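Chemist: Spelled out from the first residue to the last, the chains are:
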Amino acid sequence: MEGMAGQKSSLVWTVNIAAFLLVLLWTIPTLGLLVSSFRDRDQILTSGWWQSFSPSTATGFVRTGTGDDAVQRDGVYVIEGNVLAEGQSLIGWGTRAREPAAYEPGDTAEIGDGWQVTVAADGTYRMTSDAPFEMRRGERIFVTTGAPARLTTENYNRVLTAEGLGRAFMNTLTVTIPATVIPILIAAFAAYALAWMEFPGRAILTAAVVGLLVVPLQVALIPLLRLHNDLGIGKGYLGIWLAHTGFGLPLAIYLLRNYMIGLPREVIESARVDGATEFQIFRKIILPLSFPALASFAIFQFLWVWNDLLVATVFLGNTREQLVMTGVLRELMGSKGGEWEILATSAFISIAVPLLVFFAMQKYLVRGLLAGSVKGG
Amino acid sequence: MELFWLAISTIAIGVFGCVAWFWGSNWILDRIYPPRGPNAGDNIRKAGQIRPWLFLGPALLFLGVYLVYPIFDSLWRSFHNARGTDFVGGSNYAWLMNDGKFRESMRNNLVWLLVVPALSTVFGLIAAQLTDRLKWGNIGKSLIFMPMAISFVGAGVIWKFIYEYRAPGENQIGLLNAIVTALGGDPQLWLTLIPWNNFLLMVVLVWIQTGFAMVILSAALRGIPEETIEAAILDGASPWQVFFKIKVPQIMGTIAVVWTTITIVVLKVFDIVFVMTNGQWGTQVLANLMYDWMFRGTPDYGRGSAIAIILMLLVTPIMIWNIVNARREVR
Numbered sequence: 001m002e003g004m005a006g007q008k009s010s011l012v013w014t015v016n017i018a019a020f021l022l023v024l025l026w027t028i029p030t031l032g033l034l035v036s037s038f039r040d041r042d043q044i045l046t047s048g049w050w051q052s053f054s055p056s057t058a059t060g061f062v063r064t065g066t067g068d069d070a071v072q073r074d075g076v077y078v079i080e081g082n083v084l085a086e087g088q089s090l091i092g093w094g095t096r097a098r099e100p101a102a103y104e105p106g107d108t109a110e111i112g113d114g115w116q117v118t119v120a121a122d123g124t125y126r127m128t129s130d131a132p133f134e135m136r137r138g139e140r141i142f143v144t145t146g147a148p149a150r151l152t153t154e155n156y157n158r159v160l161t162a163e164g165l166g167r168a169f170m171n172t173l174t175v176t177i178p179a180t181v182i183p184i185l186i187a188a189f190a191a192y193a194l195a196w197m198e199f200p201g202r203a204i205l206t207a208a209v210v211g212l213l214v215v216p217l218q219v220a221l222i223p224l225l226r227l228h229n230d231l232g233i234g235k236g237y238l239g240i241w242l243a244h245t246g247f248g249l250p251l252a253i254y255l256l257r258n259y260m261i262g263l264p265r266e267v268i269e270s271a272r273v274d275g276a277t278e279f280q281i282f283r284k285i286i287l288p289l290s291f292p293a294l295a296s297f298a299i300f301q302f303l304w305v306w307n308d309l310l311v312a313t314v315f316l317g318n319t320r321e322q323l324v325m326t327g328v329l330r331e332l333m334g335s336k337g338g339e340w341e342i343l344a345t346s347a348f349i350s351i352a353v354p355l356l357v358f359f360a361m362q363k364y365l366v367r368g369l370l371a372g373s374v375k376g377g
Numbered sequence: 001m002e003l004f005w006l007a008i009s010t011i012a013i014g015v016f017g018c019v020a021w022f023w024g025s026n027w028i029l030d031r032i033y034p035p036r037g038p039n040a041g042d043n044i045r046k047a048g049q050i051r052p053w054l055f056l057g058p059a060l061l062f063l064g065v066y067l068v069y070p071i072f073d074s075l076w077r078s079f080h081n082a083r084g085t086d087f088v089g090g091s092n093y094a095w096l097m098n099d100g101k102f103r104e105s106m107r108n109n110l111v112w113l114l115v116v117p118a119l120s121t122v123f124g125l126i127a128a129q130l131t132d133r134l135k136w137g138n139i140g141k142s143l144i145f146m147p148m149a150i151s152f153v154g155a156g157v158i159w160k161f162i163y164e165y166r167a168p169g170e171n172q173i174g175l176l177n178a179i180v181t182a183l184g185g186d187p188q189l190w191l192t193l194i195p196w197n198n199f200l201l202m203v204v205l206v207w208i209q210t211g212f213a214m215v216i217l218s219a220a221l222r223g224i225p226e227e228t229i230e231a232a233i234l235d236g237a238s239p240w241q242v243f244f245k246i247k248v249p250q251i252m253g254t255i256a257v258v259w260t261t262i263t264i265v266v267l268k269v270f271d272i273v274f275v276m277t278n279g280q281w282g283t284q285v286l287a288n289l290m291y292d293w294m295f296r297g298t299p300d301y302g303r304g305s306a307i308a309i310i311l312m313l314l315v316t317p318i319m320i321w322n323i324v325n326a327r328r329e330v331r
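Protein sequences appear in the order of chains R and W. Mapping of the first sequence onto the UniProt record's numbering: residues 1 to 377, in sequence order. Mapping of the second sequence onto the UniProt record's numbering: residues 1 to 331, in sequence order.
Simulated from the structure, these hints should not be mistaken for laboratory data. The hints are all genuine.
Under the rule of at most 30 Å between Cα atoms (straight-line distance), these lysine-lysine pairs were calculated in the DSS-like manner: (1) K245(W) with K135(W); (2) K135(W) with K363(R); (3) K101(W) with K336(R); (4) K46(W) with K284(R); (5) K284(R) with K363(R).
If you only want the chain R side, here are some residues facing chain W, beta carbon under 7 Å, derived: (6) A19; (7) L22; (8) L33; (9) A207; (10) V214; (11) P216; (12) Q218; (13) V219; (14) G246; (15) E278; (16) L310; (17) T326; (18) F358; (19) L370.
Calculated from the model, a selection of chain W residues having no Cβ within reach of chain R, i.e. all distances over 12 Å: (20) G100; (21) E104; (22) G282.
On a predicted model such as this, the values are computed, not experimentally measured, just so you know. Cβ coordinates follow ideal geometry from the N, Cα and C atoms, glycine included.
From just these sequences and the hints, can you work out the full model?
Modeler: Structure below.
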């Protein structure tokens with residue numbers, strides 16, 4: 001498949017097509033969500049998102065006015081109105097649920113009692129009767145309507161203001177940034193000690209860090225929650241910052257140590273000979289040289305904290321004011337399971353920032369993965 | 001806005017606190033054992049023994065309090081009653097063994113464990129190989145890798161939309177049902193369809209983890225020496241033979257790392273099940289079961305902790321394997 005003299009072009013084609021299909025398969029789910037977040041409610045509920053660029057048809061019914069709305073004109077009683085909503089066009093209409101498109105626009109239909117209904121193409125209807133209308137509720141006119149393909153940002157306005165996602169966005173940011181910055185500092189010093197300082201117990205500590213990488217954090221939830229309560233930290237930002245710092249440290253130390261140990265020995269040795277203190281070596285040589293590894297970990301930790309639901313649910317309160325975005329999203333899935341315009345938009349807002357970070361910093365993310373592929377989510 | 005300042009000041013305090021600790025403690029150490037004067041040599045040696053612990057101090061404190069202590073505390077709680085007041089011996093574990101939901105969770109976790117790492121690794125390997133020499137390969141890789149950045153909850157929404165159900169005859173808005181009806185089948189309520197719903201949840205994790213597998217395996221594939229492959233081609237090996245007989249055996253070590261890493265993720269899988277089915281319709285998994293016992297209704301910390309300890313036991317073999325590997329690399 002590679003580097004071969006005289007490659008068969010059919011093979012090249014197969015590889016291209018297969019790769020394309022795979023990429024498509026992996027992209028479509030997200031694409032569906034993105035497209036849906038720009039469609040309006042009725043369109044989402046009546047047609048698939050893949051149809052959003054063709055006009056959509058929908059069926060429904062409209063009730064006419066009642067006898068009270070009738071006016072007498074030329075000896076007949078008339079009720080008038082319109083069956084269409086803004087932006088819709090009439091494809092067909094009917095008087096029975098089974099046949100919502102029995103008549104063309106402009107046709108006239110008889111309904112029992114000697115009533116006649118006409119629905120024009122612009123949606124105006126006119127129902128006439130020789131005798132006064134006697135009914136408590138209006139007659140139903142079933143309509144098949146078409147709406148032009150339309151994309152809108154309305155959902156975003158609504159979700160950011162009314163559904164409390166704007167607030168959740170701020171909460172998430174508040175949780176994420178300190179929980180990303182603080183572990184880096186603590187880990188950098190520890191990693192330097194593990195990589196470049198001689199002391200008894202170094203090997204065991206390094207092994208312990210590798211071991212702690214995979215500890216399921218579920219084990220830590222109850223003990224830490226109790227501990228936080230006993231210490232008076234309770235549920236809140238301080239608690240969640242501390243928790244994320246603790247949970248992120250093994251990976252941070254592991255990644256940074258692996259990177260630092262690869263730095264050139266001569267540079268560090270000669271600095272030591274020149275009388276630099278360990279602190280100076282760390283600050284002036286190690287830290288600047290380790291930037292790629294620091295960036296890798298920062299991205300990992302950022303994505304992990306931003307996307308986390310479990311730690312936030314446990315260590316932060318669950319009131320409306322305290323929820324992070326994953327929490328709001330989860331709540332919406334429960335309470336608004338069918339309202340896809342809200343769900344899709346909220347979900348997209350919550351994944352937009354990680355996606356931006358991902359595409360902007362992919363290089364560092366990949367590098368970090370390659371260096372520390374022991375830890376899982 | 002208030003929140004914003006809170007966050008900023010926390011960062012400032014945190015960063016300042018860390019710097020103050022590291023700088024201050026080093027400064028004090030140098031005062032006590034000055035690296036000059038008559039005892040300079042002796043002092044430098046003594047300071048050199050203490051200094052690593054100053055550098056490691058905060059990290060060890062955090063690791064100890066946030067990861068090591070909880071393991072022992074959970075172990076202790078798992079032998080106590082719901083509120084942690086009375087010792088109950090192994091009765092929490094005995095209860096687990098006979099609990100239907102626990103067995104269901106164990107069985108499901110086992111299936112997850114077989115299916116997700118296998119499929120993710122296979123798809124990752126295919127993706128890595130296919131995109132390797134393509135002109136647009138890097139873009140393709142990015143797109144396959146992208147779900148990695150999406151939260152499990154976000155992925156839950158994305159896939160729940162795909163599994164959405166509408167009654168037969170209506171316009172299907174879920175992609176899966178649209179395909180099924182287009183092929184002449186009946187729409188299904190996928191997420192309640194035992195036992196297939198489990199596999200549909202697994203698909204979500206495979207979708208997320210394939211990118212990870214691809215990135216690692218792609219790097220490994222590129223690490224294979226060109227000469228090996230060229231030699232095989234000169235000997236008349238077909239592309240398939242090159243792939244399966246030369247490349248795959250060479251990256252077996254990396255495949256194992258990918259496999260175990262995904263295994264750890266799978267053991268801890270929580271959010272996906274939590275938001276998509278919440279363990280109903282036969283989809284319960286250990287992490288979600290534990291969450292139920294710890295935080296729903298009247299919490300039972302004893303049983304919850306027992307489940308947590310089981311999870312811990314399940315990851316222990318991989319933990320040991322990782323440590324052994326890491327130590328071998330150091331030598």
